[in-house]
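Visitor: Sequence:
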Amino acid sequence: MKTNKIFSLKNNTFIFYQERIFTNLGLTFLNRVSQSILCNLQDADLSGANLINVKLVGASLIGANLSQVNLSLANLSQANLTGANLSKANLSLVNFTDADLTRANLSNVELRGAILDRVNLTGANLTGVNLTGVNLTGAKLCGTLMPDGNISSEGCMAIDN
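Okay, so the sequence shown: first residue is 1 according to my numbering, each after it adds one.
Possibly wrong hints are sitting among the right ones.
To be verified - Derived Cβ-Cβ restraints for the label pairs, each shown as a range:
{"#": "1", "residue 1": "Asn40", "residue 2": "Asp148", "range": "10 to 20 Å"}
{"#": "2", "residue 1": "Asp117", "residue 2": "Cys156", "range": "29 to 39 Å"}
{"#": "3", "residue 1": "Asn40", "residue 2": "Asn150", "range": "27 to 37 Å"}
{"#": "4", "residue 1": "Glu154", "residue 2": "Arg112", "range": "19 to 29 Å"}
{"#": "5", "residue 1": "Gly155", "residue 2": "Thr127", "range": "30 to 40 Å"}
Read the hints as simulated data drawn from the structure, not as lab findings.
Just so it is clear, CB atoms sit at the ideal spot from N, CA and C, and this is done for glycine as well.
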């Protein structure tokens, strides 16, 4: 009996096959701390997945549904999460250095100990987030909806007339 693959791991590249929805996957096999897994997960639905300690450096997660995902201890440095939904995700101790989270929904996420050095949070939603102890060194917060309900202008570039 032949079964259809919905994902493949070959040469340290994680490949999702098109037109599949991935909900509540226990993707613990991705715990390859010493290896970078290059992948395109654009528009993937990984809601509720367990991605603890995964290394997705430079991954494309544009428009992905990562709501209620457990990404604690993950390395998402240089990843593109533009427009991704991360609401209610566990992002404790995640490394987002140089990541792009433009227009991402980060409402009610757990960010304890996360590293957001030089992260782009332009237009992101941070409502319900506790930023105590979160490293935002060099972060771009232009148009970001902050936990207190205010819109940040930090990192916005002035336009000369």
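Visitor: Can you name, in rising order, the numbers of the hints this structure does not satisfy?
Guide: Checked against the structure, the hints that fail are numbers 1, 2 and 5, while the rest are satisfied.
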